[in-house]
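Number of protein chains: 2
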Amino acid sequence: MQNHRILFLRRPTGLPVPEDFSLEAAPISSPGAGQFLARTVWLSLDPYYRNVMKGHPIYGIPLEPGEVMFGKAVAQVAESRHPDFVAGEYVLMSSGWQQWALSDGKDVEKIDPEAAPLSTALGAMGMPGLTGYAGLVYLGEPRPGQTVVVSAATGGVGTTVGQVARLMGARPVGIAGSSEKCDYAVRELGYTACINYRTGDLKAQLKEACPRGIDVYFDNVGGEVLSAVLGNLALHARIVLCGMPEVYNMAAPPPGPFLGPIIGARATVKGLVVYDWLARMPEMRRIVGEWIRDGRFQWREDITEGITNAPDAFCRLMRGENFGKALVRVAPERC
Amino acid sequence: MQNHRILFLRRPTGLPVPEDFSLEAAPISSPGAGQFLARTVWLSLDPYYRNVMKGHPIYGIPLEPGEVMFGKAVAQVAESRHPDFVAGEYVLMSSGWQQWALSDGKDVEKIDPEAAPLSTALGAMGMPGLTGYAGLVYLGEPRPGQTVVVSAATGGVGTTVGQVARLMGARPVGIAGSSEKCDYAVRELGYTACINYRTGDLKAQLKEACPRGIDVYFDNVGGEVLSAVLGNLALHARIVLCGMPEVYNMAAPPPGPFLGPIIGARATVKGLVVYDWLARMPEMRRIVGEWIRDGRFQWREDITEGITNAPDAFCRLMRGENFGKALVRVAPERC
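Protein chains in written order, with the working numbering: chain A, 1 to 335; chain B, 1 to 335.
Looking at chain A on its own, in the form it has when it is part of the complex (with noise of 0.2 Å):
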């Protein structure tokens, strides 16, 4: 048996390609002592990705090229010889996007498997659903019947916001960029309505569905869907910008929107890194987890199957081609 990995081989420019990546089959390392060897069994493909890639110190992730690709995943402990993990327990931990990995137990998190289904370890229990939940309740905070704007409204994140707005009471309005999707965020998140970002003019179509506008709007995308956004403010409307995946792919940063709305509005834009909002996490998933044993709250995956696909998947996610939580099926859960 042999550990098949992907090796990152050189850094982009713009959007990610397969032939940025490459496979490699390497035999089975054995731990060492105070380590233990894990069996990968879902990685997650995440945006902020393309950012590591660039290997610049302000993404905290150390990446050069020939190395494993970085990556998030819930894994299985396999053998240890660490004195807090046993065989056959479930953690998440960075991985790498390969099918075995070492770990010396640093910044890994042991998940219950019993408490929901694993793979949302990476998703709506996971950092995507406490960034959607943290920043929509501590930083867009919606009042009740305040009309809430989510792009990328079906994506690991925005699955998250919008269904904790409807939740609280608002009323949460999707951008993404397919009817397909659409029709999933009205009929299975609740959305009240859903626009395609992809027909007609956007600006027209958020008057439409916000006739009293936009009192919160939770920002995955930024560019023109930010700018339509802005045209359409409540008075004191909040704005959470919590990434930009256009950008990642570029060299250098674009222009913004124009600002003077936010003055008109008396608006407040603020900025979201969910690595503050750790001590949050516990709260995240009592409640969210409460709303997903109730039935109250969906989500959906979009799974690719076995570690040689994750640089096409990867890739189709910057495409943002996606539709919900880009993982890889790396493993069985159970083998």
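Hints should not be assumed to be uniformly reliable.
List of simulated lysine to any residue pairs, SDA-like, C-alpha gap at most 20 Å [as the list claims (entries may be wrong)]: (1) B:Lys-54 - A:Phe-258; (2) B:Lys-207 - B:Ala-265; (3) A:Lys-110 - A:Ala-331; (4) B:Lys-203 - A:Pro-254; (5) B:Lys-54 - A:Pro-261; (6) B:Lys-54 - A:Asp-84; (7) A:Lys-203 - B:Lys-106; (8) A:Lys-203 - B:Ile-58; (9) B:Lys-207 - A:Ile-58; (10) B:Lys-54 - A:Ala-331; (11) B:Lys-203 - A:Ile-58; (12) A:Lys-203 - B:Lys-203; (13) A:Lys-203 - B:Ile-263; (14) A:Lys-54 - B:Lys-54; (15) A:Lys-54 - A:Val-108; (16) A:Lys-54 - A:Glu-64; (17) B:Lys-106 - B:Pro-62; (18) A:Lys-54 - B:Pro-261; (19) A:Lys-54 - B:Ala-252; (20) B:Lys-203 - A:Lys-54; (21) A:Lys-54 - B:Lys-106; (22) B:Lys-54 - A:Gly-264; (23) A:Lys-54 - B:Glu-79.
Hint data in this document are derived by calculation from the structure and do not stem from the laboratory.
Given the structure of chain A, go ahead and fit chain B onto it with the hints provided.
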């Protein structure tokens, strides 16, 4: 005796020019029942007039070509048939650009000529002062020792922002358009440092003047200056958007700055409209008035003599060539 007045002739494209106005001599009207006649003393020139000249309803002040140009002034009641106003009293009113104006008393405020120099009713003790005070104290929220950057640092609003920041124990750093203004900002207004944005690399100069980053930015100009500031934010920075005079001259809004740094700094951007803060006017006048009487608060006026020179002075203001609060002395304070 005649009423010399300046008519608004045509809506400018781009920067206003003196030819957008014309001088006219009209008879002085007598007040009807419920009216008073006022002698204009100090006419205020403010960048927002450029927006009023666009005639768009969002600016709230209708102004059509051929009408007397809109303007706020300190005036003295000359003859009254209004029960609440007596000849000799000083008032703050929308007189327009003319030597004599009739009023029915609506939106007219009396001024106590003993409280502070009369002209400050249009500056530090009036709307520009309130803009700077409320915007800094309630939106900027500087803490002791924090760095507060102010653009248009010696203008009507900036003068208040810089000095209130200093008197709150913060560290004000100005941005202005000449070395003369910068010298004045440091020497007279007590700025820790002041940068001439017309010379050198503003972003690099800000980095040097703000080694721990910018905690509060009070933006009176927008554009490139705002972009340079975003490159130097401290964590949890607050940015108060107050005005964008450059944009007032444009037919269509330009793009804005790249907003990525807002996320990285977990910054907050807030839009300020002074009319929301009128309830803080007494508080501002009490506090700033005391500082003025103590000699701890300075200001500077850019005085133009005579109503006939008002168009030139306004065009100069819109080109950023004023030095201090722009005023036209239409008549002596006491006749």
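Here is what the structure says about each hint:
1. B:Lys-54 - A:Phe-258: 18 Å, holds
2. B:Lys-207 - B:Ala-265: 15 Å, holds
3. A:Lys-110 - A:Ala-331: 18 Å, holds
4. B:Lys-203 - A:Pro-254: Holds, at roughly 17 Å.
5. B:Lys-54 - A:Pro-261: 17 Å, holds
6. B:Lys-54 - A:Asp-84: 70 Å, violated
7. A:Lys-203 - B:Lys-106: It is violated: about 39 Å lies between the C-alpha atoms, which goes past 20 Å.
8. A:Lys-203 - B:Ile-58: At roughly 19 Å apart (the allowed maximum being 20 Å), B:Ile-58 and A:Lys-203 satisfy the hint.
9. B:Lys-207 - A:Ile-58: 17 Å, holds
10. B:Lys-54 - A:Ala-331: 65 Å, violated
11. B:Lys-203 - A:Ile-58: 19 Å, holds
12. A:Lys-203 - B:Lys-203: With a Cα-Cα distance of about 34 Å, the restraint between A:Lys-203 and B:Lys-203 is violated, given a limit of 20 Å.
13. A:Lys-203 - B:Ile-263: 24 Å, violated
14. A:Lys-54 - B:Lys-54: 46 Å, violated
15. A:Lys-54 - A:Val-108: This hinted pair is violated, its Cα atoms lying about 24 Å apart.
16. A:Lys-54 - A:Glu-64: Holds - the C-alpha atoms of A:Glu-64 and A:Lys-54 are around 9 Å apart, at most 20 Å.
17. B:Lys-106 - B:Pro-62: 16 Å, holds
18. A:Lys-54 - B:Pro-261: 17 Å, holds
19. A:Lys-54 - B:Ala-252: Cα-Cα ~36 Å, so violated.
20. B:Lys-203 - A:Lys-54: Distance ~23 Å between B:Lys-203 and A:Lys-54 Cα, so the pair is violated.
21. A:Lys-54 - B:Lys-106: Answer violated: A:Lys-54 to B:Lys-106 is near 62 Å, above 20 Å.
22. B:Lys-54 - A:Gly-264: Roughly 16 Å between the alpha carbons, so the hint for B:Lys-54 and A:Gly-264 holds.
23. A:Lys-54 - B:Glu-79: 74 Å, violated
In summary, the numbered hints that this structure violates are 6, 7, 10, 12, 13, 14, 15, 19, 20, 21 and 23.
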